[in-house]
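Asks: Now for the letters of each chain:
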Amino acid sequence: PAHDPTPPLATANPHRTTYRTTMACFKSTYADELVATAAAMSVPGKGVLAADESTGTIGKRFDGIGVENVEENRRAYRELLFTTDGFEKYCSGVIMFEETLFQSCKDGTAFVDLLKSKGIIPGIKVDKGVVPLPGNTRGETTTSGLDGLGERCAKYYAQGARFAKWRAVLTIGDALPSAQCLDDNARCLARYAAICQQNGLVPIVEPEILTDGAHGIDKCAEVTERVLSCVFAHLMTHGVMLEGMILKPNMVTPGSQSSQGGSSASREEVAAATVTALRRTCPAAVPGVLFLSGGQSEEDATAHLDAMNKGDQQGRKNPWTLSFSYGRALQTSCLKAWLGKESNVAAAQAALLRVSEANSKASLGQC
Amino acid sequence: MATLAIQAHRPLRSTSKNVRPSKRTSTRVRSAKSPTTGLGSCHGGAFLSDAEKAYLEKVASMIGTPGKGITACDEGPGTIGDRFAAVGIENTEENRRSYRQILFESPGCEQYLSAAILDPETLYQKSTNSGDLFPKVLSDRGIVPGVKPHLKVYALPGQDGATVMQGLDSLAPRLAEYKAAGCEFAKWRSPLEIDVSAGQPSDLIIQANMRDLARYALICQAEGLVPIVEPDISLKGDHDLETAVRVNVKVQSELFKAMLDHGVYMEGAVLKSNIVNPGKACKTKYTVDEIAVANLAVFRRCFPTAIVTANFLSGGQSLEDASARLNAINKHKTAKDPWNLSFSWSAALQMPLFQLCKGKDGLQLEAMSELYLKELAIASAAARGEHVPGAGEGDHAIA
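Chain order of the listed sequences is A and B.
Residues 1 to 367 (our numbering) are what the first sequence spells out, left to right.
Residues 1 to 399 (our numbering) are what the second sequence spells out, left to right.
Bound conformation, chain A alone (with noise of 0.2 Å):
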């Protein structure tokens, strides 16, 4: 849809505009819905599906069960996730892989309208993967996609979709993450954001640290905040909206292979450490904070996130709530129950409820 560039909350009075507006430092047309948007994202009790693998991910996924990795069978795993009776409960949204968001039930039913019927958000990955850096000698990379994403967004928001993920990759390493990828992928997703909500899709900012590497916690408390920070900035410099976006950070967690072990720190630790992180980095107006799980297992996954929650000693309040985008940490017991056959899809979408609904649980720290 054409858009008119003067915002109707401006002309309503010229000397008088509500700071939702204004302290954007940019005005979108969609600013109402992108802020309810969300802030329905950010529902307490309610998380977003990440099921938004492509198609060279899922089938990974596939391989893991013997599944072979053909459009119908991905039609049909989504199809099995999104009939689920009852996880709209637990569920706030569903990022999806292009091809999935055009795709429909075996009756017939667009995915998007079965989603919408449900109060379930639908979303859209719209990166296209990391490329290397040029002239980085250690394998740094930056994600690609921005040439035409405003086109393509508009004709997601068409479909029906109402939010976006893009998702950086940062590696810790001997004076890794450098300043060329903090600095480009930061600025990649400030301006990824910014095309978003100038075409009324609420962004998902995803700048992923993987656990790869011996560092201890420490480390990644530190590479956590400053990442963080950097992006930050990036939004702010680039008008982000920060209250109609979303903030998908990692966990901090010791490396995967540190002497202190993958999960060995405890659960208070890692929730310790990444409510610290945010608190000094991420601003209030963020209605949302929905981690990524990143390899963990279902149970840590859902521990850490109820830790979390559960507070500190000094019963300190956070400004936005702390919730889930998981991947596998939703799908992997339901993979398992589903081996690709359609005699176990209620055992799947069972998996899939009782999943949700521990991490649902969770984000209300009642664990």
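Hints should not be assumed to be uniformly reliable.
Claimed, not checked - Going by beta-carbon spacing under 7 Å, a handful of chain B positions derived as facing chain A:
#1 Ser253
#2 Leu260
#3 Gly263
#4 Met266
#5 Arg300
#6 Cys302
#7 Thr305
#8 Ala310
#9 Lys358
What the hints assert, rightly or not - Pairs of lysine-lysine, DSSO-like flavour, derived with a Cα cap of 27 Å:
#10 A:Lys317 / B:Lys331
#11 A:Lys361 / B:Lys285
#12 A:Lys27 / B:Lys152
Stated by the list, open to error - Take a look, some chain B residues computed to stay more than 12 Å from chain A by CB distance:
#13 Ser127
#14 Asp140
#15 Ala180
#16 Asp337
#17 Gly359
#18 Lys360
#19 Gly392
No lab work stands behind these hints: they were computed from the structure.
These numbers come from a predicted model, not from an experiment.
For every residue, glycine included, the Cβ atom is placed at its ideal position computed from N, Cα and C.
Since the structure of chain A is already known, use the hints to place chain B on it.
Replies: For chain B alone, coordinates are given in the frame of chain A:
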């Protein structure tokens, strides 16, 4: 309230002027035996021990006691002299001492005061009531004593008169002295002015000032003092509230990023910022509620949750306006605003006191003390959102 037991502890740093601070590196190697919870031992505050961090956090939270605020009495002898001269008071050391005494010792003032900022001269003056040095007088009453080290303003060349504050070079040994004298915090004020047509505050002015504030904060913490960082954007100008919001967000974002980049321990720092207001000469009317909402909007966009309190300066606002605005800000607070929001006032509290001396002979200490307590009660009520302002107070009316 109990006296500050912290004072009895061994000072964290050597109190001798000539001893250098012990070497600290940002990548401290921890012994295998020490617990590595990872909390705060990286990036922010990496140069501090757990005990030092806990101390700074404790002092910051005491400064941010809900319902209480800061009495800012840190005018240098020259500045306080101007206030004295305006009402015919002689600028003697005794007058400065006895005046500050009522600001610290008015009976019951401790119910309203979490902290006091002193000029270095005052640190070494004594109360005639107890004979104690003023820092001890304050901490015995549960009012955290702090200091404003002397700073010198300097117009940055090529910036249309916009300034930076000089004072970093000699800061560490001076802070060590003030710490030894009983201070628990320090304050550094970086004034900025909005002049839209001149493009001020420019990116360079903002960067230079905020980096200096960040470095000052780091030095404070290394010397065992909580830094109060004060980016003070003046009321001067005719810019509207929206412009003020944008500039405040830009300045404060830059400040907190600089602090993070410098490795400042955020949980052990305090903000003293201006209330976000339209320029004094702005031709658009705003209600006190619009002003309040704008203030919360700025904080939500850039003020880290890790910093527990912001104590607003008055900056030329009357006590009535400042209180009405602080009150409205607190009334409009929601779950999105976890910080304590209170006052750190000098002129707003003190100017009416000086008016009592006009045409009289010398300082009218008793009358000033009585009025001071009434003012503090108002300030405290505003900090709790329980003040009842008069009609129109806090609104921006067209001059």
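Asks: Honestly, which of those hints from before does the structure not fit?
Replies: 3, 8, 9, 11, 12, 16
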